[in-house]
Amino acid sequence: MTRCSCAWTPRCAPRFAVLLALLAGAPAQAHTIVGDRVFPATLTIDDPGVNDELALPAFSYLTGSNFDGTPGPISYSLGWEYSKTLTPSLAFSLGSAFNWQRRPSAQGWSNLETQLKYVFWEDAKSESIIAGALSEDWASTGSPQSASLPSDPFTTLTAKLYAGKGFGDASLDWARPFAVTGEVDYAAPTRAANGDGSLNPSALTYGATLQYSLLYRNSHVEEVPEAFRKLIPAFEAYFTTPVANVAPTAPGNFPAHTTTGVFGPSLYYVGAYFEVGVMAQIPVNRASGSHVGALAVLDFFLDDIFPDTLGKPLFAAAAGAHY
Amino acid sequence: MRKFYALHFAVALAFATASTGAFAHALLDHASPGVGSTVSGSPREIALSFTQNLVAGFSGAKLVAAGGGAVPLGKAVVAPGEPQTMHLSVGRALKPGGYTVEWHAVSVDTHRTSGAYRFTVAP
Numbered sequence: 252m253t254r255c256s257c258a259w260t261p262r263c264a265p266r267f268a269v270l271l272a273l274l275a276g277a278p279a280q281a282h283t284i285v286g287d288r289v290f291p292a293t294l295t296i297d298d299p300g301v302n303d304e305l306a307l308p309a310f311s312y313l314t315g316s317n318f319d320g321t322p323g324p325i326s327y328s329l330g331w332e333y334s335k336t337l338t339p340s341l342a343f344s345l346g347s348a349f350n351w352q353r354r355p356s357a358q359g360w361s362n363l364e365t366q367l368k369y370v371f372w373e374d375a376k377s378e379s380i381i382a383g384a385l386s387e388d389w390a391s392t393g394s395p396q397s398a399s400l401p402s403d404p405f406t407t408l409t410a411k412l413y414a415g416k417g418f419g420d421a422s423l424d425w426a427r428p429f430a431v432t433g434e435v436d437y438a439a440p441t442r443a444a445n446g447d448g449s450l451n452p453s454a455l456t457y458g459a460t461l462q463y464s465l466l467y468r469n470s471h472v473e474e475v476p477e478a479f480r481k482l483i484p485a486f487e488a489y490f491t492t493p494v495a496n497v498a499p500t501a502p503g504n505f506p507a508h509t510t511t512g513v514f515g516p517s518l519y520y521v522g523a524y525f526e527v528g529v530m531a532q533i534p535v536n537r538a539s540g541s542h543v544g545a546l547a548v549l550d551f552f553l554d555d556i557f558p559d560t561l562g563k564p565l566f567a568a569a570a571g572a573h574y
Numbered sequence: 002m003r004k005f006y007a008l009h010f011a012v013a014l015a016f017a018t019a020s021t022g023a024f025a026h027a028l029l030d031h032a033s034p035g036v037g038s039t040v041s042g043s044p045r046e047i048a049l050s051f052t053q054n055l056v057a058g059f060s061g062a063k064l065v066a067a068g069g070g071a072v073p074l075g076k077a078v079v080a081p082g083e084p085q086t087m088h089l090s091v092g093r094a095l096k097p098g099g100y101t102v103e104w105h106a107v108s109v110d111t112h113r114t115s116g117a118y119r120f121t122v123a124p
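In order, the protein sequences belong to chains A and B. Just so we're aligned, residue 252 is where the first sequence starts under the numbering used here, counting upward by one. Just so we're aligned, residue 2 is where the second sequence starts under the numbering used here, counting upward by one.
Keep in mind the hints are simulated off the structure, nothing from the lab. Only a predicted model underlies this, so the values are computations on that prediction, with no experimental measurement involved. Among the clues, some could well be false.
What the hints assert, rightly or not - Listed next, with one range per pair, are the computed distances between beta-carbon atoms: (1) B:Ala48 <-> A:Gly383: 39 to 47 Å; (2) A:Ala444 <-> B:His105: 53 to 61 Å; (3) B:Gly99 <-> A:Asp374: 22 to 30 Å; (4) A:Ala426 <-> B:Gly99: 15 to 23 Å; (5) B:Gly58 <-> A:Glu387: 40 to 48 Å; (6) B:Ala48 <-> A:Asp374: 29 to 37 Å; (7) B:Gly58 <-> A:Trp372: 26 to 34 Å; (8) B:Gly99 <-> A:Leu518: 27 to 35 Å; (9) A:Pro322 <-> B:Glu103: 49 to 57 Å; (10) A:Ala495 <-> B:Gly68: 58 to 66 Å.
What the hints assert, rightly or not - Here chain A is said to cover these stretches of chain B; the calculated rule only asks that three of the stretch's residues, wherever they fall, bring their Cβ under 8 Å from a Cβ of chain A: (11) 75-88; (12) 104-113.
Ideal placement from N, C-alpha and C gives every residue a C-beta, glycine not left out.
Whole structure, please, built from the sequences with the hints as guidance.
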């Protein structure tokens, strides 16, 4: 197989899957409050809580790389995700994205993705939380196969595990603004192979963020200048490894089992009703991309904008139970 | 789908820009004595200013000395002209040393938040 310079063909599907997986990290976010800790809606992975929020838009930009070392397609994505709490611990979300690229030109909607997310455990005192989710990427709900950048013609089920921990209980004041979050996913296509014989691999996706909350520092450790009080700088990383049903590596292409991913610094502004986040995404290897890309999101806190209607859980909404 | 997203975006944006600050989680913005500060002399009151308007009846604070003893504080008072700030009178003069303010706040839309910070009274 020669380098993947086509807009989209089944043979190129793994390459597009990699790019879209990296781009698709953006739409699934929300913010969470556990005890004194505000976990922002991060860009590479989802935060560990459930929320009433609307991420719109979530933008991603990344330049791919060809096996021969030349730059690949320049890919863009504009996504959205709406998340609704059913109970204070359970949320349903719905999202999609419009993707387009240059070199060569192509465009199309990705499939609709739905998700049920449940918070198994949280402890306000230790600012800790663990959650899990099941999501489904619905086959052919995006652009048709005749589009230049069609959606996947198969459904993918993904099991997800999330965790978050703030260090407000640390004995050292300098450590208290720090927090970490993590996510591990296992994505399994419901169809092993396509009509042309190409395989749809299962993949393990994993990522983490390290955050330093000036919001927390200002409220709990030491007042900071007003201009910085609502900022949370962070460092994030996000990887995908094909683990099953992986096709043999074709000549002239990246190894089929190659782990792809991005890492980089990010910055979040957490307002009363919305959050803005930006990140420089640096490819971890040539299979992931050739240049530094970017992620950005505008996230509306519907629980704060509509606290008595759209922003509260459908069932068991109670004062003091808001996230 | 596009209709759905366009509608919600318009509504959310309208509320985000037109709201008066009466909703959302109340996070501590600044305080007197200041978070992590050292003050000379005993403060007569604790003033806690939040990012949102407060419900005085469900908001309050405790003051604890470094040795563990509680210092009596008055009830939280939220003045009409300053709805984001609660004032609590300090029941007695504070001796030099470290103190922790443990606060809890309920914003007017019932979101509850809490937290703590330390300050020091210099000898």
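Now for the hints, and whether the structure bears them out:
1. B:Ala48 <-> A:Gly383: 39 to 47 Å: 43 Å, holds
2. A:Ala444 <-> B:His105: 53 to 61 Å: Given range 53 to 61 Å: holds, Cβ gap about 58 Å.
3. B:Gly99 <-> A:Asp374: 22 to 30 Å: 26 Å, holds
4. A:Ala426 <-> B:Gly99: 15 to 23 Å: For B:Gly99 against A:Ala426, whose Cβ atoms are near 18 Å apart, the range 15 to 23 Å holds.
5. B:Gly58 <-> A:Glu387: 40 to 48 Å: 45 Å, holds
6. B:Ala48 <-> A:Asp374: 29 to 37 Å: 31 Å, holds
7. B:Gly58 <-> A:Trp372: 26 to 34 Å: Between B:Gly58 and A:Trp372, where Cβ atoms are some 32 Å apart, the hint holds.
8. B:Gly99 <-> A:Leu518: 27 to 35 Å: Between B:Gly99 and A:Leu518, where Cβ atoms are some 33 Å apart, the hint holds.
9. A:Pro322 <-> B:Glu103: 49 to 57 Å: Given range 49 to 57 Å: holds, Cβ gap about 56 Å.
10. A:Ala495 <-> B:Gly68: 58 to 66 Å: The hint (58 to 66 Å, Cβ to Cβ) holds, given that A:Ala495 and B:Gly68 are roughly 60 Å apart.
11. 75-88: violated (count 0)
12. 104-113: Since three or more residues must qualify, the claim that chain A covers the segment 104-113 of chain B holds, with 5 doing so at under 8 Å.
Of the numbered hints stated above, the single one contradicted by the structure is hint 11.
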